[in-house]
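**Q** Given next are the chains, with one letter for each unit.
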Amino acid sequence: MPSLPLKAIQGLFAIMFVAHAIAQVSPPTLSIPSTTLAINSSSPMSQRVVHYEIDAKYDPRSHTLDAAEVLTYHNLTGQALDTFPFHLYLNGFQPNATWIKETKRDSIRDELPEEWDSKYYGSDEIKRFEVDGQGDLTSQLQFIQPDDHNKDDKTVAQVRLPHPIPPDGYVQFKIAFHDQFPETLARTGWNRDFLLAGQWFPKAGVWWHGAWNCHQFHGATEFFSDFGVYDVKITVPQNEVVGASGIQVSNVSNPDGTKTVTYHADDIHDFAWTASPRYKVYEDSFQSSMGPVKLILMMQPAHVNQEERHARILEQTMDRFESWYGPYPYKTITLVDPEHDSAAGGMEYPTFITGETAWWMPKRVYLPEVAVEHEFGHQYWYGMVATNEFEDAWMDEGINSYSEVKVMDSILGPRTSFANLWGVTGGDGEARRDGYISVADLDPIARNGWEYVDYNSYGGITYGKTASVLLTLEGIIGEDTLRQAMRTYFMRYRFTHPTKEDFLKTIEEVSGKNLRWYFDQAFYGSEVLDYEVLRAKSTLVEWYKENLKEKKGETEYNSEVVIHRKGDFVMPVEIAVIFDNGDKVREQWDGKDRWIRFAYTKKAKLVSVEIDPDHKILIDRNNFNNSNLVEGDGKAARKLANYWNFVTQLMAQLLAWWLV
Amino acid sequence: MAEKQNILSAGAAIASRNKRYVVWFWLLNLVLAAIGGTAFSLRAHALLDHSLYASGLVHGFDVGVFLEMLGRPEFGPLRASTAPAMTVAVLFFLLTMIFLPGILQGYASDHHISRAEFFRICGVNLLRFVRLTILFAVIGGIVAGILFGIQSGLIKAADTTSYELLPFNVQLASWIVIILIMTAIRIWFDLAEISVVLTDQPAVRKSLSSAFRQTRKSLARLLSSYVLIAVVGLLVFAVGIWLWHAIVPPASVLGAFLISQAILFSLLAVRFWQRATAVAFYARSAIEQPVEAPSLMAPLPPAPVPSESAQV
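Top line first, the protein sequences correspond to chains L and C. Under the working numbering, the first residue of the first sequence carries the number 1, and numbering increases by one thereafter. Under the working numbering, the first residue of the second sequence carries the number 1, and numbering increases by one thereafter.
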């Protein structure tokens, strides 16, 4: 018979076993912090799923980084999870990776040089992958390629846990990783002595609609992550000036000539940082309805004279977003002016954006303003309304491009919001539309970002078409109604991951209209809208009379106007008809048939016919055929021909000047 | 300085006395461009004349409208417009090469040469100028190739530094150096052309070698004269463009035409001034070194049918 001590020992073992098992499944001490240090709110604003604690050391000579990452994940999926996918974006910068292949295929942004160079190589190598309570699982990591089955793509790694994480449980991953930053091809990497660290750490995928959503890194697409808290320590040489997402909580010099800068951020879903010895840092402030926001501008030395224009457009943009859509809750926004020619400009990360300018930029060419406005806009459409950038790129880029046009137009005027220099003008809305019209029939808006025919189509549709479709929607439901719908959408879906239908249904709800006829064509279809004035002419009523002399105001004419719907996109349109006695007629057409004829008998001849005279439709592919000036006016063509001749003559003179 | 002013003012006087050449060449330049621009003009008229959307180009210059016009299939590919323009540019260069001997002869003469004489000189020197042009293309091409190669290397090196303006400054400085060197070569060949015409020299290599010696000997004087005239040309161009913007209403096609042609006429005159200055210099050299340029101011052979009305 077993003695009492033996039973006690057996019981003790049993208790230890159970305790161990519980500890393995869900360590009771784990949690996601409820901090609010970096936001102007007394309570968390998002449902926090992740807490990243990263201690990183960067070596600017080799452009490498070694880091220890502790990721605490809160399982809010409602079911036990035994697999976890992780993004390893930097592995996209490898010759056979999907990002490089697609970039080369589509000549994206001219980013990839003809010849591969080792300096473009990037990697995110996991040295050790441990799961708290479940041991070292480094060997269990497997690269997966859910989108294109490219076995050489290592941008997503997945691990299967020996013990599932129960619903509402926590799991902690302890990851040691080594980054090799590429020379910047796009968004992230080094250039000369500058670094922009984006997509630089192993990041968990998103459990969305009952499955993991963790796409490979594609040439055109961007990112998708869960909200949470970030505590990041960055160690760099002491001469480096560092900026990052969130707020800086400490800056400590180390005895080895380095310094460690610590950042904290709440309710964000990504973390980026930058370092360069040459930044000139300026600070400003903005008063949000939720509290003060510190604006941190990190300018290149050659651009310090542009600090004021950057700060001004940032404040003006924040002001309009605040009043139109809702408050900006974070305590900081960092605007980085990246190294020139670094391909790191015009990018958004939570509370951290990059602008785009050059030392020679004329004051009245508003490229820097558009870049700052656009990237700040992403704080709303991506940063807070965190849509899936892989699958619904239009929901961040397109909605943001629409906001961009509205903000830029309100600040600089509708026809001059892109450029207004020496009589040459351009509007931001036109620029967006121009991007769309050349690719109008290639892809629908609602398409996975990596499935567009090419990068031109991706850009033209997601940015240009979406902006034009929403600007056109203003003509259907009214500008104020759409703004109210956007505000409702923002306030309702901030700090969540809404779908396309969430957006579209919000517009229908706020406008009180069934807009499916429009949404189905504009968002889900690739129908092209193109109306034309097919015919506009006046003929004498008494044409058969001999020696009839025409007298203005006395002679009667039959006038005929034919409007033709050339494209498949059906939309009601208005038509303005003007006669030479000053009569103006407005006609309505539902556009359902292929054409419509309007006939008039008047003692006046047709002067002009114009479809959409109030210019509410921005998705018409061809604006030239929307009107017909019956008598014609060659002034524009003569003016252009004169310019053309001037350039031709100048070229001829220069050729003769030098060669003979 | 006085000498430089002398050849500059002498050149200006020669060019002014023979301004009909500038007028003829300006007309040639204009007519050729009009022919070369026909394709562009027709396409623009077809697309714009009956569209109210074109008004964005009349009362200003709306880039969006312009870009949409270029993108329309019915406007056609841009190369359909650029190819004729390039062709007429080459044609203008060829006609300049053909008629230049007559102009140089006219510049060197103290009276108006007859049309027949003008064309006779052009005919006699045609192949010589073709050879000179080929030689210039070869020598100038090699030198320019080397210079641009060096420039590219310097800019690349400057681009590795963190000073954003350095590549631009290097580019600017190297452009100035390249233009100065190429101008020196142009001066050499301008003098050779004058020598070929005025000495009736069939062997262009002899004219080239004597012109080379003259250029080397008086490089600073000639180069500074050429540069000064070119700076005048640049100023004229800059002021002209500014006036175009400042005083011509956007909708005034006639105003734009007049100011643009005034600019082009002035630029052409500037180049003719350079050539006249070279002729003035050559004349001075001929007086100083009669052996090298014996027949410069000698009486011209009688023209077959000289008449007042046949002057060119």
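Don't read these hints as lab results, they were simulated from the structure. Careful: at least some of the hints might be erroneous.
Which bits of chain L does chain C cover? Going by a derived footprint, with three or more residues having C-beta under 8 Å, they are [as the list claims (entries may be wrong)]:
1. 363-373
2. 416-426
3. 475-489
4. 624-632
Every residue, glycine too, gets a C-beta built ideally from N, C-alpha and C.
**Q** Please go over all the hints and tell whether each is borne out by the structure.
**A** Consistency of the hints with the structure:
1. 363-373: Since three or more residues must qualify, the claim that chain C covers the region 363-373 of chain L is violated, with 0 doing so at under 8 Å.
2. 416-426: holds (count 7)
3. 475-489: n = 0 at 8 Å, threshold three: violated.
4. 624-632: This one holds; 8 residues, not fewer than the three required, reach chain C with a Cβ under 8 Å.
Checked against the numbered hints above, the structure violates hints 1, 3; every other hint is satisfied.
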